[in-house]
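A.B. asks: Protein chains in written order, with the numbering used here: chain F, 7 to 216; chain B, 4 to 263.
Please note that the accuracy of each hint is not assured.
[Claimed, not checked] Stretches of chain F that chain B covers, calculated by requiring three or more beta carbons in the stretch to come under 8 Å of a beta carbon on chain B:
{"no.": "1", "region": "55-68"}
{"no.": "2", "region": "172-184"}
[Claimed, not checked] Below, simulated DSS-like cross-link-like pairs (lysine-lysine); rule was C-alpha separation at most 25 Å, straight line:
{"no.": "3", "chain 1": "F", "residue 1": "Lys103", "chain 2": "F", "residue 2": "Lys135"}
{"no.": "4", "chain 1": "B", "residue 1": "Lys153", "chain 2": "B", "residue 2": "Lys178"}
{"no.": "5", "chain 1": "B", "residue 1": "Lys178", "chain 2": "F", "residue 2": "Lys215"}
{"no.": "6", "chain 1": "F", "residue 1": "Lys103", "chain 2": "F", "residue 2": "Lys114"}
{"no.": "7", "chain 1": "F", "residue 1": "Lys210", "chain 2": "F", "residue 2": "Lys71"}
{"no.": "8", "chain 1": "B", "residue 1": "Lys125", "chain 2": "F", "residue 2": "Lys71"}
[Unchecked claim] A few chain F positions that, by computed beta-carbon distances, are all more than 10 Å from chain B:
{"no.": "9", "residue": "Leu109"}
{"no.": "10", "residue": "Asn115"}
{"no.": "11", "residue": "Gln140"}
{"no.": "12", "residue": "Asn146"}
{"no.": "13", "residue": "Gly193"}
Derived by calculation from the structure, the hints in this document are not laboratory data.
Bear in mind that the values here come from a model prediction, so they are computed numbers and not experimental data.
We put the CB at the ideal spot given by N, CA and C, even for glycine.
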Amino acid sequence: MKNRIFKILPALMLSVILFSCSKNDLHENKGNADAEKETVVQKESIAQNSLYQVSGEWTNQNGKKINLDQLAGKVQVTAMIFTHCGYACPKMVDNMKAIEEKLPNNLKNKVDFLLISFDARNDTSARLKQYASQKQLDNNWTLLHGSAEQIRMMSMLLQIQYSPLQGGGFTHSNAITILDQHGDISGRIEGLDINVGQVVDAIKEAVAKS
Amino acid sequence: MAILVLGSFSAFSQRKMKGGDAATAGMVRIPAGIYHPFLKANNKTVSVKIHSFYLDAHAVTNAEFLDFVKANPQWTRSKVSRLFADENYLKQWAGDFNIGNDRVLNSPVTNVSWFAAESYAKWMGKRLPTMEEWEYAANSAPVNAPKGEKLSTMILGWYSRPTPAVLPPVESTFKNGFGVYDMHGLIWEWVYDFNSIITGGDSRSAGALDKQFYCAAGSLNAVNKEDYASFMRFAFRESLKANYTVANLGFRCATDVDQK
Chain F
7 MKNRIFKILP ALMLSVILFS CSKNDLHENK GNADAEKETV VQKESIAQNS LYQVSGEWTN
67 QNGKKINLDQ LAGKVQVTAM IFTHCGYACP KMVDNMKAIE EKLPNNLKNK VDFLLISFDA
127 RNDTSARLKQ YASQKQLDNN WTLLHGSAEQ IRMMSMLLQI QYSPLQGGGF THSNAITILD
187 QHGDISGRIE GLDINVGQVV DAIKEAVAKS
Chain B
4 MAILVLGSFS AFSQRKMKGG DAATAGMVRI PAGIYHPFLK ANNKTVSVKI HSFYLDAHAV
64 TNAEFLDFVK ANPQWTRSKV SRLFADENYL KQWAGDFNIG NDRVLNSPVT NVSWFAAESY
124 AKWMGKRLPT MEEWEYAANS APVNAPKGEK LSTMILGWYS RPTPAVLPPV ESTFKNGFGV
184 YDMHGLIWEW VYDFNSIITG GDSRSAGALD KQFYCAAGSL NAVNKEDYAS FMRFAFRESL
244 KANYTVANLG FRCATDVDQK
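Chain F with its partners taken away, still in its complex shape (with noise of 0.2 Å):
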């Protein structure tokens, strides 16, 4: 008996440590041949139309350097704002929230929520984090600073308008984009007068998609 589990628990370990190195996996209790049926799955969709697609290195508030494909796994809730933000942002992360908290239970661990900074230049990484805390986000929330070139393009891919405005500051559209766990855009809702329940809707089609 003492010896099966002295063979088992090297493997235990390894297996434990293969999936923490992706975070998607670690919500997910899946034995190993489920696991890499859905990694091809996901190579095959992110050769389609997938955001993730779109190499380059983000750096999240953490400080730590990502790139977009290690958000795969989760539904991503995502929008573009920035920090300084007067009006529009802050009311866009509260309706994030609002919809985070409408979630049901057996959704929760399968949505994550994604903020991209428009300010390259003053929504450093340390910014983020004192932002994050600030409204009080949890860890379920990842926050993206890019260099401008980065920036323009995930605003092309997520069909956001913005411009930096001289003085500093941005003027910008407002659009929720649902990704779902492979980064294809699943929904997509315009404006900040939003209905969260409908929302949250579009959420759970997306996580049946998965």
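Following the hints, put chain B in place on chain F, whose structure we already have.
C.D. replies: Frame of chain F; chain B shown alone:
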């Protein structure tokens, strides 16, 4: 890691190949100057300083774009992601690597998305011109313009003619004072930040949202209300998404001067 190294190596050799004087072959140096954007900000006419830059003398042609597609098969009609180009991408071509009509080899490539144009520019070691750069370079009358005729009137004349079924070759319309061809009258052109036009909702105040849903609201902000040609360009750009392709929408590339 190995992939990364390979990636940067091929990018390096790409630049080497096209580097040196060859990089700006077929380009025109646009001198520095001041550009007054068509749309006002906070009701004030804005002055934007434009640094000197290089601009392709003519738009990218079908033949030139075919070279890009051959070197980057992910950009063929059959392989391209719908994320990056809609279903009309390169639909005027006969096949993935076949333009199919020798008469258009030297005509501007159209039915290309912003993503495709941006990727082509990168591959060339160039970039897309910004909207300010493009407008600045385009605001120059033909070298042999009839005396007393306003550029905006001439542009409207061109805009009023329908696009011919077979696009004429590049450098077939006119050369402007900067030495750049076909800025008006042949095709529309992508610019790098085309999605920076927001005549609709302004994010900074809630009250501004309603009135700005009118399309005419933008005109209240125009510097010159008679400049219908600019209205058309800005309205057209605002209607685009980066994966759209349009039968008379192509592009040309730019580079910075200080890189050379």
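A.B. asks: Now, for every hint given, state plainly whether the structure supports it.
C.D. replies: For each hint, the structure was consulted:
| no. | hint | result |
| --- | --- | --- |
| 1 | 55-68 | holds (count 4) |
| 2 | 172-184 | holds (count 7) |
| 3 | F/Lys103 - F/Lys135 | 16 Å, holds |
| 4 | B/Lys153 - B/Lys178 | 16 Å, holds |
| 5 | B/Lys178 - F/Lys215 | 53 Å, violated |
| 6 | F/Lys103 - F/Lys114 | 12 Å, holds |
| 7 | F/Lys210 - F/Lys71 | 29 Å, violated |
| 8 | B/Lys125 - F/Lys71 | 24 Å, holds |
| 9 | Leu109 | 26 Å, holds |
| 10 | Asn115 | 27 Å, holds |
| 11 | Gln140 | 19 Å, holds |
| 12 | Asn146 | 25 Å, holds |
| 13 | Gly193 | 15 Å, holds |
Figure legend: structure checked against the earlier numbered hints; hints not met, in rising order: 5 and 7.
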